[in-house]
Amino acid sequence: MLLTCKALRRSSGAYRFNDRIVIKVGDASRMSEAAAMRLLSEKTAIPIPTVHDAYIQDDGCGVIIMEYVEGVTLDKAWPTYDLAQKQAVVHQLKRYLNELRQIQSPVISSVDGEPCCDQFFSWDMREYGPYSTEMQFHEGLVQALHERADHSWSRMVARFLRSMSGHETVLTHNDLTPSNILVNDGSVVAILDWELAGFYPDYWEYVKAYLFADWQSIWVADSIPDKILQPKRTELAFMLHARDIMWP
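Residue 0 is where the sequence shown starts when you use numbering that gives the first Met the number 0, and the numbers rise one by one after that.
Derived by calculation from the structure, the hints in this document are not laboratory data.
Certain hints may be false.
[Unchecked claim] No more than 25 angstroms apart at the CA atoms, straight line, and that leaves these computed lysine to any residue pairs for SDA-like:
| id | residue 1 | residue 2 |
| --- | --- | --- |
| 1 | K75 | N17 |
| 2 | K42 | G112 |
| 3 | K93 | E69 |
| 4 | K85 | N183 |
| 5 | K42 | K93 |
| 6 | K42 | N17 |
| 7 | K75 | H90 |
| 8 | K93 | A34 |
| 9 | K42 | V68 |
| 10 | K75 | N183 |
| 11 | K226 | L239 |
| 12 | K226 | P46 |
| 13 | K93 | S186 |
| 14 | K75 | G12 |
| 15 | K226 | H166 |
| 16 | K226 | M124 |
| 17 | K93 | I217 |
| 18 | K85 | H166 |
| 19 | K226 | D213 |
| 20 | K226 | S186 |
| 21 | K75 | P177 |
| 22 | K85 | R100 |
| 23 | K93 | V188 |
| 24 | K42 | E69 |
| 25 | K226 | D18 |
| 26 | K93 | N179 |
| 27 | K93 | D192 |
| 28 | K85 | A220 |
| 29 | K226 | R94 |
| 30 | K85 | G70 |
| 31 | K75 | W214 |
| 32 | K75 | D18 |
| 33 | K42 | H90 |
| 34 | K226 | N17 |
| 35 | K42 | D52 |
Please model the complete structure; the sequences and the hints are all you need to start from.
Here it is in structure tokens:
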């Protein structure tokens, strides 16, 4: 099945092929997403779509053919839920994320061992990682920060980033938002979009859950990340400063 990146990017890189299949197309880094989903299927009970096939075409496009899962995104369902349903969803997400974080690695990288795939490292063509230590990862963050700005405040924030230490490296979704969580009748039926997944310091999931969030959303208003993850507020504060420098 020959598909074109151009055609599918008109539908945000993914479309429903039929009542059972979704196809995602993008660059070759899609193979890291497929690797993450297959690892989760083997090692956890986290609900994710089944990957039927994944390959790179001759034109360089990565293709993932996966199961279609029926459900409603959490951002749409949450306002309609009563307290008991909200508590049930929170309990399930907390359990799934705890399970995710049991999978650890000595290296900070994408799931397939390739360089880190993250918005923070998207400003230039160089590769960031893999990193053998948390200190090296933070130096990568500092390098990315200085690609965008180099002034007294950015250098102060760089010192903040370098001060973080003592975190385990755990499997991380890295794009946990309510639009990537499918629910049905108060049950989590799938967690989607694992393209940024990788092994990161254990504060990273909490930080990223807030870092690019809509501050007027139910996700923030109801402090859902604080309910499903161990809060890492100091690390979040440091990274918010870095974000504001990189995306002024």
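We went through each hint and held it up to the structure:
1. K75 to N17: holds (23 angstroms)
2. K42 to G112: Distance of about 17 angstroms is within 25 angstroms: holds.
3. K93 to E69: The hint holds at about 22 angstroms.
4. K85 to N183: Holds - the C-alpha atoms of N183 and K85 are around 12 angstroms apart, at most 25 angstroms.
5. K42 to K93: Since the Cα atoms of K42 and K93 sit roughly 17 angstroms apart, the hinted pair holds (cutoff 25 angstroms).
6. K42 to N17: Violated, at roughly 28 angstroms.
7. K75 to H90: Distance of about 19 angstroms is within 25 angstroms: holds.
8. K93 to A34: holds (23 angstroms)
9. K42 to V68: holds (20 angstroms)
10. K75 to N183: Satisfied, since the Cα-Cα distance of roughly 11 angstroms is no more than 25 angstroms.
11. K226 to L239: Holds, because 20 angstroms separates the two Cα atoms, which is no more than 25 angstroms.
12. K226 to P46: Distance ~19 angstroms between K226 and P46 Cα, so the pair holds.
13. K93 to S186: holds (13 angstroms)
14. K75 to G12: Between K75 and G12 the Cα gap is close to 22 angstroms, so the pair holds against 25 angstroms.
15. K226 to H166: holds (20 angstroms)
16. K226 to M124: violated (36 angstroms)
17. K93 to I217: Cα-Cα ~17 angstroms, so holds.
18. K85 to H166: Between K85 and H166 the Cα gap is close to 30 angstroms, so the pair fails against 25 angstroms, i.e. violated.
19. K226 to D213: holds (17 angstroms)
20. K226 to S186: holds (16 angstroms)
21. K75 to P177: holds (8 angstroms)
22. K85 to R100: This hinted pair holds, its Cα atoms lying about 22 angstroms apart.
23. K93 to V188: Roughly 14 angstroms between the alpha carbons, so the hint for K93 and V188 holds.
24. K42 to E69: Roughly 23 angstroms between the alpha carbons, so the hint for K42 and E69 holds.
25. K226 to D18: Roughly 34 angstroms between the alpha carbons, so the hint for K226 and D18 is violated.
26. K93 to N179: holds (15 angstroms)
27. K93 to D192: holds (18 angstroms)
28. K85 to A220: holds (14 angstroms)
29. K226 to R94: holds (11 angstroms)
30. K85 to G70: holds (16 angstroms)
31. K75 to W214: Holds - the C-alpha atoms of W214 and K75 are around 16 angstroms apart, at most 25 angstroms.
32. K75 to D18: OK: K75 and D18 at ~21 angstroms, within 25 angstroms.
33. K42 to H90: Given pair K42, H90 holds - Cα atoms ~20 angstroms apart, limit 25 angstroms.
34. K226 to N17: violated (36 angstroms)
35. K42 to D52: It holds: about 19 angstroms lies between the C-alpha atoms, which stays within 25 angstroms.
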